[in-house]
Amino acid sequence: MTTTMQRPAALRKPPAPPKRRKRWMPWLYLAPALGLLITFTYVPVGNMVYYSFTSWDGLDATMDPVGLDNYVRVFTDERYWRVFLVSGYYFVASFAQIAIALYFAVILSFHTRFRNLFKGILFFPYLLNGVAVGFVFLYLFQPGGTLDTVLGWAGLGEHTRYWLGDPDIANISLAGTSVWRFTGLSFVLFLGAIQSIPSEIYEAAEIDGAGDWHKFRHIIVPGIRRIISLSFILAISGSLSVFDIPFIMTGGANGTRTFVVQAYETAFQFRQIGLASAMAVVLLLVVLFVTWIQRRIVPDEEVTLS
Amino acid sequence: MKSSVMKNPIKYASLILASIVVLLPLTVVLFAAFKTHAEYNSTGPLTPPRNWFNADNFATAWTEGRMLLGFWNTTVILAISLTGTILVGTLAAYAVSRFEFPLKRLVLGLFLVAALVPGVTTQVATYQIVKSMGLVNTPGSAIVLFLGTDIISIYIFIQFMQSIPPSLDQAAMIDGATRFTVYRRIILPLMKPAIATVAIIKGIAIYNEFYIPFLYLRSPDLSVISTALFRFKGPYGAQWETIAACTMIVILPTIVFFLLLQRFIYNGITAGATK
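So the sequence lines, in the order shown, correspond to chains A and B.
Last residue of the first sequence: number 306 in the numbering used here, and the count goes up by one each step with no gaps.
Last residue of the second sequence: number 275 in the numbering used here, and the count goes up by one each step with no gaps.
It is worth saying that the hints were derived from the structure and are not from the lab.
Only a predicted model underlies this, so the values are computations on that prediction, with no experimental measurement involved.
For glycine and all other residues, C-beta sits at the position ideal for the given N, C-alpha and C.
Check each hint, because a few of them may be wrong.
Unchecked claim - Covered by chain A, per the in silico footprint, the following chain B stretches (three or more residues, Cβ under 8 Å):
1. 120-131
2. 137-144
To be verified - Chain A residues, not near chain B, derived (Cβ > 12 Å throughout):
3. Ser55
4. Leu68
5. Asn254
Whenever a hint applies, use it, and build me the whole structure from the sequences.
See the structure below:
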């Protein structure tokens, strides 16, 4: 803050030496970004922590402090902690997503016919609008819909069920939709990383008699370690903050309510801003904690920006 | 690679299977979009439409969904947010990579920590701030949020700017250019690849964003593509052929965009994620 204090002094002396001018110059360029950052990230985080200790409804002028009540509710009321179990489905699904993406990224990094066509097809779903994806899969999972018809053709007709109506399977259907939608993103990230491995390394390995598995295990995996660990961070924070797919497809019915869907309802439909803030604080802490652990396990040497 | 000859059938089978998994859900929606209501009710989802030129559903979807308005609102928000992101981001990156100043590490730290905070978590509190600014139910809400929550673009700009030799700036300043002239005449033109990357990543994200417009742009006159499509869920619940047509209308620009810019999109996404 010292620089802000010196700003008027610098302005008062027009023939200021260049060193003085430099002091406030960078802040001029930074001001819009910092202003937005503070207004829309740091102030909300601060307010949210404050709201979480009140029973505010978002309208009242006064906010009654309630201590830890909101947090106690988040952890004891089944409606609130259950949403973590739902995140589990998306988390497990993200492993499938990473595995599928890695498999296709590896095979499409080497000579394959119609390589660009396959790349395009696999990546394309990531670009689609979330609401459109929701509708496409609502249609797919309908009773008598696409999935049932395909199962019928394959002679698995007896396995059809209420894909979105049956609480036992609804989350799996939704997590499957999420895999369909986001595999393309992981795929492209892996593809980019694999292609940045110099080809001489593979040639050297081949001369030494390495097979495909050895090349995968000893060249590709270590070569793209950073991007694999990044995918895991994205998977964790992604599975905790799922909103579009369950909200559009089931509206959170049949046990598919995720953390963000629940927080949305609590805050904007039931006007329990205090309680919803406590949920958000818990979510934020979980995400930060997981990221911290991840950074400890796989230190990211390129974090420092300067 | 002799060893992979044996694996080829599996490789191609898996690629074809994956392609079917990706394309089939989209194809059946395309089929449904061309069917009449009676035809939709009497045929299975995998049956192609009888008449590929039946545009009735598209016409209904286009007018009932006020899709023109949706595209217009999306375009306005997209254009302003993108321009703003690029200006705010490049200015900040210029300050960080070309100036030495106290508290620089703190500022960098603030941007870094903010990148770890998922936007959805803070939305409850952010809503109150946007409300106090009087921006709820105006396009301004989406615009300030798309500008204000974007840390990734600033990273991309900082990373890229570090690859531009500072000697270029210094040469220009010796010739009498001011700092701002350097930014505008030297840095901005050299930043084009990074600007394209940010425009692509951010453009995709804004076009597809649902939560922010759904929360802040409640009025039907402010519908963007996502919310216009979502509105079909209620009243058209039983008319899948109309919903299918509207879904196709929303997807079509993405297909065109992708086919035209394929290579840049791949590179942009990769550059964006690895920073």
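- Going through the earlier hints one by one, which of them does the structure break, listed in rising order? 2
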